[in-house]
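Engineer: Residue numbers (our numbering), protein chains in the order written: chain Y, 1 to 392; chain G, 1 to 283; chain Z, 1 to 239; chain U, 1 to 294.
Hints in this document: simulated from the structure, not taken from any laboratory.
Honestly, I wouldn't trust all of these hints.
[What the hints assert, rightly or not] Lysine to aspartate or glutamate pairs mimicking DMTMM-like chemistry, simulated, CA-CA at most 20 Å apart:
#1 G:LYS216 x Z:GLU28
#2 U:LYS180 x G:GLU148
#3 U:LYS144 x G:ASP82
#4 U:LYS180 x U:GLU117
#5 U:LYS167 x G:ASP173
#6 U:LYS267 x Y:GLU172
#7 Z:LYS122 x G:ASP219
#8 G:LYS109 x U:GLU151
#9 Y:LYS38 x Y:GLU68
#10 G:LYS110 x U:ASP153
#11 U:LYS167 x U:ASP263
#12 G:LYS110 x U:GLU151
#13 U:LYS91 x Y:ASP123
#14 U:LYS167 x G:GLU204
#15 U:LYS267 x Y:GLU111
#16 G:LYS110 x G:GLU89
#17 G:LYS34 x G:ASP55
#18 U:LYS278 x U:GLU117
#19 Y:LYS171 x U:ASP263
#20 Z:LYS122 x G:ASP227
#21 Y:LYS171 x U:GLU258
#22 G:LYS109 x U:GLU227
These figures come from a predicted structure and were not determined experimentally.
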Amino acid sequence: MGYVAIKGGEDAIDNASRLVEYERLKSESPPLTIEQVKTQFRAGIDRIMGEGSLYAPEHAALALKQVEGCTLEGAFMLRAYRATLKRSYYSTILDTRSMRVERRISSAFREIPGGQILGPTRDYTVRLLNTDLASETFGSVKSFLEDIDSELQLSDEEAPRSFCKVVDMLKEQGILRPVDEDEEEEKRRVVDVTREAIKFPAPRSAALQMLARAETGGIAALAYSSMRGFGSAHPTIGELRVGHVGVSVRDRRGRSRYIGRIRVTECEIVSKLKQKGKSSVPYMSLGYGLCFGHNETKAIGMGILDRSMRVADEHPANSQEFVLYHTEGIESYGFTNHLKLPHYVTFQSGLDNLRNAMKRRDEEDRNAGAKKPKTMLNTQSQELADASPELL
Amino acid sequence: MVQDNTDNWLLRVRGLTKIYGDPISNSIAYTGPKFGSNICPETDAIVACAEIDFDLYPGEVLGVVGESGSGKSTLVQLLYFDGEATGGEVYFRSFEDGDTNILRVTNQKKRYLRNHLMGMVYQNPRDGLNFKFSAGGNIAEKLLMANEFNVGRIRNRASSLLTQTEVPVERMDNAPATFSGGMQQRVQISKAIANNPPLIFLDEVTTGLDVSVQAKVLDLIRGLQQDLGISMIVVSHDLSVIRMLTDRTMVLKNGRIVESGLTDQILQDPQHAYTQLLVSSLL
Amino acid sequence: MKHFLEVRNLSKNFLLHILNDKHIPALEDISFSMDQGEIIGLTGKSGSGKSSLMKCVYRTYLASGESMVYDSSTFGPIDLIEATEHQILRIRKEEMTYCSQFLNVIPRVPAVEIVAESLLVKGVAENEAFRRSREFLERLGLPAELWDAYPSTFSGGEQQRINVARSIISQPRFLLIDEPTASLDQKTKDVVIEAILEMKRSGTSVILITHDEYTLTKLADRELKLVGGRICEAEAATA
Amino acid sequence: MIEAKKFQQAYNYGFIDESTKKEIRRKMLKAVAIPGYQVPYSSPEMPISRGWGTGGLHATLSLIGPDDTFKIIDQGSDASVNACNLRNFVKRMTGCKTTFDTADATIVQTRHRIPEEVLTDKQIIVFQVPQPEILRGVERFEFKTRQMHAEADYAKMWVSLYESYVKFGAIMRGAGYPVKVNGRYIMTPSPIPRWDVPNLSHSDTLHVFAAGREKRIHCVPPHTLVEPLEFEDVKFMVEKFEGIRCSVTGEGDAFMDEIYEADGGRKHVINDSNFLDKLKLGGRPNQRLFVNPS
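Let the sequences and hints guide you as you build the complete structure.
Structural biologist: In structure tokens form, the structure reads like this:
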């Protein structure tokens, strides 16, 4: 039975895409508006904006709606759309010290200057299915919002323009050293991974960019593996911040122009002792992670991997190449699915080899017959001549 | 005639056997020097070594020589519990007065034997040393297993051992990976004799070292053996190593002892055809 | 009367498998006996079996024959043909020393250390062992600057001096020595002869092989001449 | 219209079903019988994420009854966010009384601290444990560490302490200092500071260490010898708070927190919030203090 090639590819592909659209719509439930997706699927939107490396909430909402909520596919959509956009400016460096903080915690100290701000988080909720949501109405939404508004006392104080970073304090006390104080110049250059193909070992700027665009699940898996004893010791969150940061660019005449603000999650991981030489004083090392939107798991994972990639050990999370290649969502998603492409040519050649080998083996068995032991020999010299002819 | 003291042996080995794969009753019968092969024709089981019998006396150095595949390394691996023996009995005077077959004791007792009563120096330093610990740490591991919990005494003992084996003491806290091949073997030797065991095994210790270093290591081993009076089993394919280090020698081929005797007799008056062949390649 | 060593029709032949079982006779029914403190000189052309006989006594060669009883201080009378390897090793360590013609030692070990080792093995303290070794090497006329050098670079005579020094210094009970004075100048020859005579006075028995008439007459109480692997009658050498 | 009823759920007493609670209790008994040995247990999922205290809840919810008084602290404080979250959950699921007062509680659940106030034989303390396998630092694979425990082959652990001392001049292990229980098993006391470790030895209380994510329970029963690993000449030392006084009560002899102030200054406050409150009321609850060897 031959391996039948697929005929009539054209109309098959056309039908397939209409069929998947049919799956999305056949229940005739009221279509989701972009506004609903954008506002009520905030976590999903933030995730695919990060992995798609394009900060565009509406487009992200559209993508998520189009692909029925699959974040891998959604991130892929955004990456593809991003490639079509003209790029006119590089932004100036964002100073996250002047972040409009919504949430800010440190696990290293009980209290930190500026205070621990718990902010919006499900960390301390009990993950029980909330059955009320099954009967949520616009009315219940409004009344919930009114309760919140009544409790809020708007203070007339200016919101703090900036918070001093915990890691700055640690650096001042020499507990923490600036990460790349001894990297050579070339390594400190800021690389644009979308313009330059990556060569390993990659400079830290490239590694951080790739981590920022990486797939959240992959990051979590590798970070977890490095903490669970398969890598260096237990890291601590120096600081985790979620909030909005202003973005500005330099126009043609070099003047700085504010073009808007984006929400980001930033995390600084402080970890166990590092030591230059044997005699030098030990100090702590820093891992840094920042990504679009509110995605704490990814930011923390990035911080852990940023550090572990700079530690020489034989665990996968210590290998920059292993981490950066395998956490790139679009590539891993793409290649894993490419197995669905027809491979019958390659498979055929493999089949052929296999069949020949089986044939040869059968022939060998047939004429070799059951192996018989050699008969016992008499004199030693005879045995010697027989045993190792090549030695004589 | 004074009764010769055959009973003050240190190690008594009887019928030591190691077979890989699933042997049948006469797998041993169909393999060995007579057939020039270790592989049982019927079941492809590999008889690494079989029917190994010998005694070793305190302070004696026994050589084990043979080409690769002769089973000489398997022999010491079985005695040092790096592998599980398929059959045979081994009695060790210093352990329960030699009444127990040490091949069948519990893992804990085997670890006691390995740590207190035996030592092993491997051809490949990576098998003998833990490259995560420093050289001193490797020696400390042995001392700690012998319940020496005083860091001061551990470091004194480690530095005296390293001096004895001509390793510069200031390198005690360096990682083994930063040592040269000869130096790594010396650290292994220090580790092997850390708890003053009555018996140590040396498996192709100088193979792969360059000639000048080889001589130094051999001289070191000879000196230590004389100073400490320990028994040694030296495995080597290199007959000059056997000549320089050992009192008696066993010649192995295809997993069997084809001949054994005083080393000078084996080298100058070999009886078995295979030994004559082997020795003729040396002279 | 118990002899120090009594050999009864000992023979030795080699069976060389690698020459498809060639049979080479080396010694034919050798019988002789020897008393404590005696020096026997083995003479004969090369290939007559002198070294083979000595190696049979030292058990390097496996000989056959009726018996070879040696009056051991450790084991008492013991047949060296039948003795176990462990016993032979004990005898070699404590009583019997064999000094071959050629020096073969671990390379890169200084001369003085080679000599000192035979004392260290007997438990002599390190500095005492080195002191006596240096003294003896000096008596043998080995230049001082060579003492810490590696013998592999020395001349034949110099190596011979180390070999002899190493065997004699430990005053063994029974010395088997092959060509002790060959390739030595006259002065050093006399020193070696004197050293051996000294050992004889303190009870050491010796079997020596020599081609040198002068050494034979100076040392040997009795001469055993070997021809074609057999002892041929020879008159007793003058004391 | 989706009927609300379809999603209605009533929960068993203590959230976990009875047979699972029974299994957890039996495993705890086994852990008590073999002090320091890690007993594998079912560790069912909970509505609390892994690594946030599921093990602690398994132990607490299997032990607790309606007339128990439950106290729960995190980093020594009853008011910490995770403690509040778990306290509400336990209260909601069992209706038991809760308290901040260490002396009142019959079951104390804790993360990273033992209360300064000495616990009695009427109380059980349950520890939340991130990594139950102390040997994980020196041996990566589970099947090997189990064998090491079975054969009491702890040389690698000792060598890592030796190496740490040689490299840094002191055994650089902060929280979770390895201890030997009953002279047999080497165990992690969970990431409590060295300050608390001596309280485990010969205490009147039952200590239950439950690791949910890693599915292991181990115990230190009352009146059991617990020795921190130390060398003859390199002794176990607790944290030194020389000359440090609590800025609220002026007292010392308790584990202190380091507080950074807005102006960059530093002050110290006693970590155990209940102990601090009692000090403020004037009394000083009974403590067991460890004196560092000189």
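Engineer: With reference to the structure, classify each hint as holding or not holding.
Structural biologist: Status of each hint after checking the structure:
Proposed proximity of G:LYS216 and Z:GLU28 is contradicted: the alpha carbons are some 44 Å apart, above 20 Å. Annotation: proposed proximity of U:LYS180 to G:GLU148 holds, straight-line Cα distance about 16 Å (limit 20 Å). A hinted pair counts as satisfied when its Cα atoms are at most 20 Å apart, and U:LYS144 with G:ASP82 qualifies at roughly 16 Å. Distance restraint check for U:LYS180 and U:GLU117: the Cα-Cα separation of roughly 24 Å exceeds the 20 Å cut-off, and the hinted pair is therefore not satisfied.
At roughly 8 Å between alpha-carbon atoms, U:LYS167 and G:ASP173 fall within 20 Å of each other, so this suggested pair holds. Between U:LYS267 and Y:GLU172, the direct Cα distance comes to roughly 17 Å. Compliance with the 20 Å bound is thereby established for this hinted pair. Between the alpha carbons of Z:LYS122 and G:ASP219 the distance comes to roughly 18 Å, so the proposed pair stays at or under 20 Å and holds. A hinted pair counts as satisfied when its Cα atoms are at most 20 Å apart, and G:LYS109 with U:GLU151 qualifies at roughly 9 Å.
Taking the CA atoms of Y:LYS38 and Y:GLU68, the gap is near 14 Å; set against the 20 Å cutoff, the hint holds. At most 20 Å may separate the alpha-carbon atoms for a hinted pair to count; G:LYS110 and U:ASP153 meet this at roughly 12 Å. Taking the CA atoms of U:LYS167 and U:ASP263, the gap is about 36 Å. The hint is violated against a cut of 20 Å. Between G:LYS110 and U:GLU151 the alpha-carbon distance is near 11 Å, which keeps this suggested pair within the 20 Å criterion.
Between U:LYS91 and Y:ASP123 the alpha-carbon distance is near 19 Å, which keeps this suggested pair within the 20 Å criterion. For the proposed pair U:LYS167 and G:GLU204, the alpha carbon gap of about 33 Å is over 20 Å, so the pair is violated. Between U:LYS267 and Y:GLU111 the CA atoms are separated by roughly 10 Å; this keeps the pair inside 20 Å, and the hint holds. With a C-alpha separation of about 14 Å, the suggested pairing of G:LYS110 with G:GLU89 holds against the 20 Å cut-off.
With a C-alpha separation of about 24 Å, the suggested pair G:LYS34 and G:ASP55 falls outside the 20 Å cut-off, and the hint is violated. Proximity of U:LYS278 to U:GLU117 is assessed by CA-CA distance (about 10 Å); at most 20 Å being required, the pair is judged to hold. Simply put, Y:LYS171 and U:ASP263 have alpha-carbon atoms about 16 Å apart, close enough for the 20 Å limit, and the pair holds. With a CA separation close to 11 Å, the supplied pair Z:LYS122 and G:ASP227 stays within the 20 Å bound.
In summary, the hint linking Y:LYS171 to U:GLU258 is supported, as the alpha carbons are separated by about 17 Å, within the 20 Å threshold. For the hint linking G:LYS109 to U:GLU227, the alpha-carbon distance of about 25 Å lies beyond 20 Å, and the restraint is violated.
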